[in-house]
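Here the protein sequences line up with chains A and B, keeping their order.
Using my numbering, read the first sequence as starting at 1 and increasing by one per residue.
Using my numbering, read the second sequence as starting at 242 and increasing by one per residue.
Please keep in mind that the hints were generated in silico from the structure rather than gathered at the bench.
Treat the hints loosely; a few may be bogus.
Calculated pairs, DSSO-like style, for lysine-lysine (alpha carbon to alpha carbon, straight line, at most 30 Å) [what the hints assert, rightly or not]:
1. B:444 with B:349
2. A:90 with B:444
3. A:90 with B:349
4. A:90 with A:134
5. A:134 with B:551
6. B:551 with A:90
7. B:378 with B:320
Here are the computed distance ranges between Cβ atoms for each label pair [said to hold, decoys possible]:
8. B:328 with A:199: 53 to 61 Å
9. A:173 with B:249: 55 to 63 Å
10. A:110 with B:251: 26 to 34 Å
Where is the CB? At the ideal position from N, CA and C, for every residue including glycine.
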Amino acid sequence: MATTLLEVQHVTKRFGGFQALTDVSLQVHQGECLGLIGPNGSGKTTLINCISGVLRTDGGSMRFRDMDITTLPAHRRTRLGIARSFQIPKPFTSMTVLENLCIPLAYTAPIQDRGADMTAEAMAILQLIGLEAKAHMRSAHLTLIELRKLELARAMAARPRLLISDEAMAGLSSAEVDEILAILTALNARGMSIIMIEHIMRAVMRFSHRIIVLDAGRTIAEGTPEEIVHNTAVEKAYLGE
Amino acid sequence: MKRAWPVLVALSILGVGLLLTGVMENRYVYFATYVILQYIVLATAWNILGGYTGYVNFGTPAFFAMGAYTATFLMLACKAPFLVLLLAGGLISGLLGLGLGYLTLRLKGVFFSIATLALTVVLQTLIINWEFVGGAKGISIIRPATILFFSSYSKFLFMVMLCLATGAVAIARWIERSWIGQGLAAIRDNEEAAECMGVPTLKLKILATTLSGGLMGMAGVPFPWHVTLIEPGSAFNLDYAVNSLAMPMIGGTTTWLGPLVGAVLLGAAQQVATVTISSELNLLIVGVVLVAFVILAPEGLVGLVRRLVKREHA
Numbered sequence: 001m002a003t004t005l006l007e008v009q010h011v012t013k014r015f016g017g018f019q020a021l022t023d024v025s026l027q028v029h030q031g032e033c034l035g036l037i038g039p040n041g042s043g044k045t046t047l048i049n050c051i052s053g054v055l056r057t058d059g060g061s062m063r064f065r066d067m068d069i070t071t072l073p074a075h076r077r078t079r080l081g082i083a084r085s086f087q088i089p090k091p092f093t094s095m096t097v098l099e100n101l102c103i104p105l106a107y108t109a110p111i112q113d114r115g116a117d118m119t120a121e122a123m124a125i126l127q128l129i130g131l132e133a134k135a136h137m138r139s140a141h142l143t144l145i146e147l148r149k150l151e152l153a154r155a156m157a158a159r160p161r162l163l164i165s166d167e168a169m170a171g172l173s174s175a176e177v178d179e180i181l182a183i184l185t186a187l188n189a190r191g192m193s194i195i196m197i198e199h200i201m202r203a204v205m206r207f208s209h210r211i212i213v214l215d216a217g218r219t220i221a222e223g224t225p226e227e228i229v230h231n232t233a234v235e236k237a238y239l240g241e
Numbered sequence: 242m243k244r245a246w247p248v249l250v251a252l253s254i255l256g257v258g259l260l261l262t263g264v265m266e267n268r269y270v271y272f273a274t275y276v277i278l279q280y281i282v283l284a285t286a287w288n289i290l291g292g293y294t295g296y297v298n299f300g301t302p303a304f305f306a307m308g309a310y311t312a313t314f315l316m317l318a319c320k321a322p323f324l325v326l327l328l329a330g331g332l333i334s335g336l337l338g339l340g341l342g343y344l345t346l347r348l349k350g351v352f353f354s355i356a357t358l359a360l361t362v363v364l365q366t367l368i369i370n371w372e373f374v375g376g377a378k379g380i381s382i383i384r385p386a387t388i389l390f391f392s393s394y395s396k397f398l399f400m401v402m403l404c405l406a407t408g409a410v411a412i413a414r415w416i417e418r419s420w421i422g423q424g425l426a427a428i429r430d431n432e433e434a435a436e437c438m439g440v441p442t443l444k445l446k447i448l449a450t451t452l453s454g455g456l457m458g459m460a461g462v463p464f465p466w467h468v469t470l471i472e473p474g475s476a477f478n479l480d481y482a483v484n485s486l487a488m489p490m491i492g493g494t495t496t497w498l499g500p501l502v503g504a505v506l507l508g509a510a511q512q513v514a515t516v517t518i519s520s521e522l523n524l525l526i527v528g529v530v531l532v533a534f535v536i537l538a539p540e541g542l543v544g545l546v547r548r549l550v551k552r553e554h555a
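The shape of chain A in the complex, shown without the other chains (with noise of 0.2 Å):
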């Protein structure tokens, strides 16, 4: 049995009267390639920013690698070794691609190195992602594939454990998406641990070790890729009755 990385235990999110999440647990293995699944509305997202810290959960708890991060602000989690992607990028306008990746490798190096010249890891960063070409371009002047590339790329260059890929394929064309997911499992070869959000069932399921499904806040269904697939509360969600 591999060891667990994060474990979330009973989580509950509400947005006034509206119940985002409700009583979500799972658990995320070392080196694990975890699938996250779910028609719109069902929670993802919610439950990936409750995961990094952009928001509070109204209950349960969080513990990765042994330590409670519950009630930890998000920069805390990043430095742990939990970093996401934006579902809408969200790239830093106004600095290159390189300065975008060096605002990660330097916040989460310790303190008395965060003046260092990271360039050189910022580069081996871009060139693992395909993206080197526009090191030095502004990052509001990159195409939708260059910006998934660079929010990915910048979530990697926090150095993480966990890596969280929120629908990092919408909208990419079907070569497109097999450039991510060729990058995806390269990173999980390297021993990071992945969650990844899509709806491109392809994709997940060829990637994913494991499958977590969510409907209206609450997970229906877990299992391999195969038992998913045949999952009748899963076909129920996504069809109707």
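Place chain B on chain A using the hints.
Just chain B now, with coordinates in the frame of chain A:
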């Protein structure tokens, strides 16, 4: 040596200033340059929060007046020496900035700006009703007859402001080039993404508001002696809010050079206009120039020059 030259530049500026006080007697020159230097401090301080961090502060008069009134109060209460007044003014306004920093947790964008404007009104109302520091009618300040090292008090005030301006620009330049400046820029571009990339956004914002407020307060400390009368209307003057915002916008908000250039140009233009045309025309000039820059050169003079240089090379 690369690290030493900014220090040398700063020291030589102070040296030249000191030399000037030895040879120049015209009191108007000191009066006018004092105002310009004061705007360098205010614009630079504003820019640390407004330009680097992206939080637009309309409350410059509040911080400036807090410095001026802290000094007035301490002078009336216990005749504290000038250095103490300067530090106390910076401290009180810095604390006010600290409070403003926590406000950024809940208020962003235009709502933050409105709150800073409200802060000014609230503080002005408090001062108007505080008789000890003069209330609404204000209080006359008598300059000390003699001052150590200087032949007149104007020269002394000029040197104080020159030190403050040099210090403020040095601080802004240091922040801009350090990892703190990068973090502030990340907050300006996208606060949520910055937090998720490990930037302690609250801590950095509080640092920016405290520093910005403290510097503005220090700029206000010599004010009562400069005009020899302190009253709420002039200490809380909206001109400070407009100017300290317009100067960085005209010069360029992303570098330390921007507010410096903007303050020198606009401040000098205002002084000239006050003497030659009308003392009320000041703000009109600011308004016209600001509108022109927002439309024609949104990145300010520094951005404009950079773009031209780049085109030349390309």
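To see whether the hints hold, each was checked on the structure:
no.	hint	in the structure
1	B:444 with B:349	holds (16 Å)
2	A:90 with B:444	holds (21 Å)
3	A:90 with B:349	holds (17 Å)
4	A:90 with A:134	holds (17 Å)
5	A:134 with B:551	holds (18 Å)
6	B:551 with A:90	holds (27 Å)
7	B:378 with B:320	holds (22 Å)
8	B:328 with A:199: 53 to 61 Å	holds (59 Å)
9	A:173 with B:249: 55 to 63 Å	holds (57 Å)
10	A:110 with B:251: 26 to 34 Å	holds (31 Å)
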